[in-house]
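S.K.: Protein sequence lines, in the order shown, are assigned to chains P and H. If you count the first sequence from 1, position 138 lands on 152 in the working numbering, and the numbers rise without skipping. If you count the second sequence from 1, position 208 lands on 426 in the working numbering, and the numbers rise without skipping.
Wrong hints could be hidden among the right ones.
As the list claims (entries may be wrong) - Restraint ranges, calculated between C-beta atoms of paired labels, are given here:
1. Leu231(H) / Thr34(P): 51 to 59 angstroms
2. Pro93(P) / Pro266(H): 44 to 52 angstroms
3. Ala44(P) / Leu325(H): 39 to 47 angstroms
4. Leu369(H) / Arg171(P): 55 to 63 angstroms
5. Ala167(P) / Ala443(H): 15 to 23 angstroms
6. Val154(P) / Leu369(H): 29 to 37 angstroms
7. Arg377(H) / Arg171(P): 53 to 61 angstroms
8. Pro93(P) / Ile439(H): 35 to 43 angstroms
9. Thr363(H) / Ala158(P): 44 to 52 angstroms
10. Gly122(P) / Pro266(H): 28 to 36 angstroms
11. Leu166(P) / Ala296(H): 45 to 53 angstroms
12. Arg152(P) / Leu325(H): 51 to 59 angstroms
13. Ser249(H) / Ala23(P): 54 to 62 angstroms
14. Arg152(P) / Leu234(H): 37 to 45 angstroms
Stated by the list, open to error - As a list, the in silico SDA-like pairs of lysine to any residue whose alpha-carbon atoms are at most 20 angstroms apart:
15. Lys249(P) / Leu175(P)
16. Lys362(H) / Arg377(H)
17. Lys206(P) / Ile116(P)
18. Lys206(P) / Tyr420(H)
19. Lys362(H) / Thr374(H)
20. Lys249(P) / Glu304(H)
21. Lys362(H) / His294(H)
22. Lys249(P) / Pro305(H)
23. Lys362(H) / Phe388(H)
24. Lys206(P) / Asn423(H)
25. Lys249(P) / Ala331(H)
26. Lys206(P) / Ile188(P)
27. Lys249(P) / Ala238(P)
28. Lys206(P) / Leu68(P)
29. Lys206(P) / Leu27(P)
30. Lys206(P) / Gly220(P)
31. Lys249(P) / Ala308(H)
32. Lys249(P) / Lys160(P)
Don't read these hints as lab results, they were simulated from the structure. For every residue, glycine included, the Cβ atom is placed at its ideal position computed from N, Cα and C.
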Amino acid sequence: MPPIVVLLAALALWQAVHMTSGSADVPAPALTVLRLWQMLGASRFWSDVGASCLAFIAALLISLAAGIGAGIVLGLHQPSEAAVAPLLSNFYAIPKVTLYPIVLGIFGLGMAPKVAFGVMHALVPITLLTARAIAQLRPVYLRAAKVMRLNLATTVRTIVLPAILPELLGAIRIGASLSLLGVLIGEMFAAKQGLGFAAMRAMGLGDTTAIAAIGLFLVLFAVAINTALLTIERKTRRGITAP
Amino acid sequence: MHFLLVAILIAVLQGLCVAGFIAPSTLPAPSQMLVDLYRVLGTADIWPSIALSFGDILLSAALAIVGGFCAGVLLHRAPFLRRGVEPFLASYYAVPTFIFYPVLVVLLGAGRAPIIAISVALAIVAMMSATLTGLDRLPPVLRKTARILRLSPLQTALRVQLPAITPDLFTGMKLAFSYAFIGVIASEFILSGNGIGYAIAYAYNNFDNTTMYGLIVFIVIVASAVNAALDALDRRLQSRRQR
Chain P
15 MPPIVVLLAA LALWQAVHMT SGSADVPAPA LTVLRLWQML GASRFWSDVG
65 ASCLAFIAAL LISLAAGIGA GIVLGLHQPS EAAVAPLLSN FYAIPKVTLY
115 PIVLGIFGLG MAPKVAFGVM HALVPITLLT ARAIAQLRPV YLRAAKVMRL
165 NLATTVRTIV LPAILPELLG AIRIGASLSL LGVLIGEMFA AKQGLGFAAM
215 RAMGLGDTTA IAAIGLFLVL FAVAINTALL TIERKTRRGI TAP
Chain H
219 MHFLLVAILI AVLQGLCVAG FIAPSTLPAP SQMLVDLYRV LGTADIWPSI
269 ALSFGDILLS AALAIVGGFC AGVLLHRAPF LRRGVEPFLA SYYAVPTFIF
319 YPVLVVLLGA GRAPIIAISV ALAIVAMMSA TLTGLDRLPP VLRKTARILR
369 LSPLQTALRV QLPAITPDLF TGMKLAFSYA FIGVIASEFI LSGNGIGYAI
419 AYAYNNFDNT TMYGLIVFIV IVASAVNAAL DALDRRLQSR RQR
């Protein structure tokens with residue numbers, strides 16, 4: 015109930031800003047929704063969505079494979095984690111967009127630099143969250159693995175990964191939002207396709223309604239992914255803590 | 219230890235560049251980047267851009283910290299509002315807020331206003347969440363003690379509650395600063411007519427590698443130094459709490 019009230023209040027505020035600012039500047043909420051509906055019927059919009067989605071999925075998969083792998087290594091070997099973690103968290107605080115020219119220099123134009131940039135955003139948090147989850151594992155789990163003389167691969171597969179499943183899902187959720195952000199920022203700077211590019215193109219035309227419609231689409235997309243993963247995450251957490 | 223690791227990484231990169239494994243057109247050697255940095259900082263016309271960017275960063279961070287703190291206190295006091303807002307907070311950082319930067323440019327003009335607005339929007343929620351976390355964690359015994367000592371509500375807030383939540387507030391301030399830094403530099407980079415971010419994008423478009431790499435190194439060094447300093451302070455405050 016309260017969330018609906020807040021949502022309605024936000025919509026009313028949006029409408030009020032629209033009415034006070036002159037109709038051309040801030041598009042009305044209803045008009046934005048209508049515009050989005052029209053866009054959903056256009057093939058050009060879907061080719062932009064496709065380009066962004068492809069880069070996003072590629073970036074997320076690469077970040078997950080590399081980040082969880084690196085996180086397992088660091089989590090199981092504390093001295094390396096202590097050495098590397100501060101560097102990684104420092105990298106996280108750098109405005110990575112300034113490194114984008116270097117990414118473009120290495121990967122050229124097209125799909126590759128966008129994917130690389132998405133990975134640059136998501137890789138570090140996934141690594142750190144995985145490593146921390148393993149570091150906070152109850153020691154008895156790893157001792158049990160030792161007693162059963164499991165080799166490393168079996169330990170990771172049958173003990174470590176199932177034990178950190180909720181944290182892992184959290185890492186996937188954060189990685190998804192960050193790789194989406196990275197891909198979109200990449201598209202806003204140097205691209206000929208994708209939703210980030212479409213927003214910049216609309217801005218060049220002074221078409222605020224189109225930018226707002228693209229923004230609305232991305233908000234719905236991001237919130238849907240986040241809410242789905244959050245729900246799964248909470249369910250697993252409850253499943254693990256239940257007696 | 220961390221410095222040693224960074225030094226080794228830079229040395230390896232230098233070696234790869236000098237040996238010709240990495241072409242100068244892809245990535246210049248670190249030594250060359252330092253020369254670029256020295257040259258860029260030697261030109262007089264870059265300093266106004268640097269001053270402008272840091273002015274915007276400090277202003278955005280200050281607005282986000284004050285606004286986020288007030289919003290956090292307000293939400294803590296108003297449970298209905300809080301229950302309404304919290305589901306949206308969970309998805310806030312999943313949304314690529316940055317896509318709305320073009321809307322703000324159309325709305326507020328191409329000056330400093332849209333840059334500060336998007337940076338505050340990025341930073342304020344981190345501060346708000348930190349304030350809420352701090353207030354939630356406040357042990358009830360503190361409030362009872364304040365009542366026994368017959369402190370007025372204002373005295374309780376200033377002398378008991380505020381010092382008690384300082385570590386959490388500082389974590390929020392650190393995050394808010396980092397988001398403001400990223401927000402300002404990234405908006406300047408994507409679309410603006412001034413500041414360090416713009417200077418990097420401009421140099422990229424004009425193949426001015428000296429300025430581009432010099433400024434990239436400058437940003438990386440400043441962001442790392444600020445982050446390391448804030449981290450050290452943060453850790454000191456956190457350890458004080460555990461005593």
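S.K.: Hints first: check each against the structure and report whether it holds.
M.R.: Structure-based check of each hint:
1. Our hint of 51 to 59 angstroms for Leu231(H) and Thr34(P) holds, since their Cβ atoms are close to 54 angstroms apart.
2. At about 46 angstroms, the beta-carbon gap between Pro93(P) and Pro266(H) stays in the expected band of 44 to 52 angstroms.
3. A C-beta distance of roughly 19 angstroms is found between Ala44(P) and Leu325(H), which places it outside the suggested range of 39 to 47 angstroms.
4. Between Leu369(H) and Arg171(P) the beta carbon distance is about 57 angstroms. The supplied range of 55 to 63 angstroms therefore holds.
5. For Ala167(P) and Ala443(H), the hinted distance range of 15 to 23 angstroms is not satisfied, since their beta carbons lie about 41 angstroms from each other.
6. Restraint check, Val154(P) to Leu369(H): a C-beta distance of roughly 47 angstroms breaks the suggested window 29 to 37 angstroms.
7. The hinted range of 53 to 61 angstroms is satisfied by Arg377(H) and Arg171(P), whose Cβ atoms lie roughly 54 angstroms apart.
8. A hinted range of 35 to 43 angstroms is violated for the C-beta pair Pro93(P) and Ile439(H), which are about 27 angstroms apart.
9. For the hinted restraint 44 to 52 angstroms between Thr363(H) and Ala158(P), the CB-CB distance of approximately 45 angstroms keeps it satisfied.
10. Checking the proposed 28 to 36 angstroms range against Gly122(P) and Pro266(H) shows it holds: the Cβ atoms sit about 34 angstroms from each other.
11. Separation of Leu166(P) from Ala296(H) is about 52 angstroms and conforms to the stated range, judged on CB atoms against 45 to 53 angstroms.
12. For the pair Arg152(P) and Leu325(H), the beta carbons lie near 53 angstroms from each other, so the given range of 51 to 59 angstroms is met.
13. For the pair Ser249(H) and Ala23(P), the supplied restraint of 54 to 62 angstroms holds, since their beta-carbon distance comes to about 57 angstroms.
14. Between Arg152(P) and Leu234(H) the C-beta distance comes to about 42 angstroms, which sits within the given range of 37 to 45 angstroms.
15. Taking the CA atoms of Lys249(P) and Leu175(P), the gap is near 17 angstroms; set against the 20 angstroms cutoff, the hint holds.
16. Note on Lys362(H) and Arg377(H): the hinted pairing holds, with a Cα-Cα distance of about 14 angstroms set against a maximum of 20 angstroms.
17. A C-alpha spacing of about 19 angstroms is found between Lys206(P) and Ile116(P), which places the hinted pair at or below 20 angstroms, so the restraint holds.
18. Distance hint between Lys206(P) and Tyr420(H) is fulfilled; the C-alpha atoms sit about 19 angstroms from each other, no more than 20 angstroms.
19. Restraint check for Lys362(H) and Thr374(H): satisfied, since their Cα atoms lie roughly 10 angstroms apart, inside the 20 angstroms limit.
20. Among the hinted pairs, Lys249(P) with Glu304(H) is consistent with the structure: their alpha-carbon atoms are about 19 angstroms apart, no more than 20 angstroms.
21. Pair hint Lys362(H) plus His294(H) holds up; C-alpha atoms about 18 angstroms apart against a cutoff of 20 angstroms.
22. Our distance criterion of 20 angstroms between C-alpha atoms is met by Lys249(P) and Pro305(H), whose separation comes to about 17 angstroms.
23. Taking the CA atoms of Lys362(H) and Phe388(H), the gap is near 25 angstroms; set against the 20 angstroms cutoff, the hint is violated.
24. For the suggested pair Lys206(P) and Asn423(H), the alpha carbons sit about 16 angstroms apart, so the restraint of at most 20 angstroms is met.
25. Between Lys249(P) and Ala331(H), the direct Cα distance comes to roughly 43 angstroms. Violation of the 20 angstroms bound is thereby established for this hinted pair.
26. Straight-line distance between C-alpha atoms of Lys206(P) and Ile188(P) comes to about 27 angstroms, which puts the hinted pair past the 20 angstroms bound.
27. As the CA atoms of Lys249(P) and Ala238(P) are separated by approximately 17 angstroms, the hinted pair is consistent with the 20 angstroms bound.
28. Proximity of Lys206(P) to Leu68(P) is assessed by CA-CA distance (about 14 angstroms); at most 20 angstroms being required, the pair is judged to hold.
29. Taking the CA atoms of Lys206(P) and Leu27(P), the gap is about 35 angstroms. The hint is violated against a cut of 20 angstroms.
30. Of the pairs offered as hints, the one joining Lys206(P) and Gly220(P) holds, with about 18 angstroms between alpha carbons and a cut-off of 20 angstroms not exceeded.
31. For the hint linking Lys249(P) to Ala308(H), the alpha-carbon distance of about 16 angstroms falls within 20 angstroms, and the restraint holds.
32. Our distance criterion of 20 angstroms between C-alpha atoms is broken by Lys249(P) and Lys160(P), whose separation comes to about 30 angstroms.
Hints 3, 5, 6, 8, 23, 25, 26, 29, 32, counting from the list given before, are not met by this structure.
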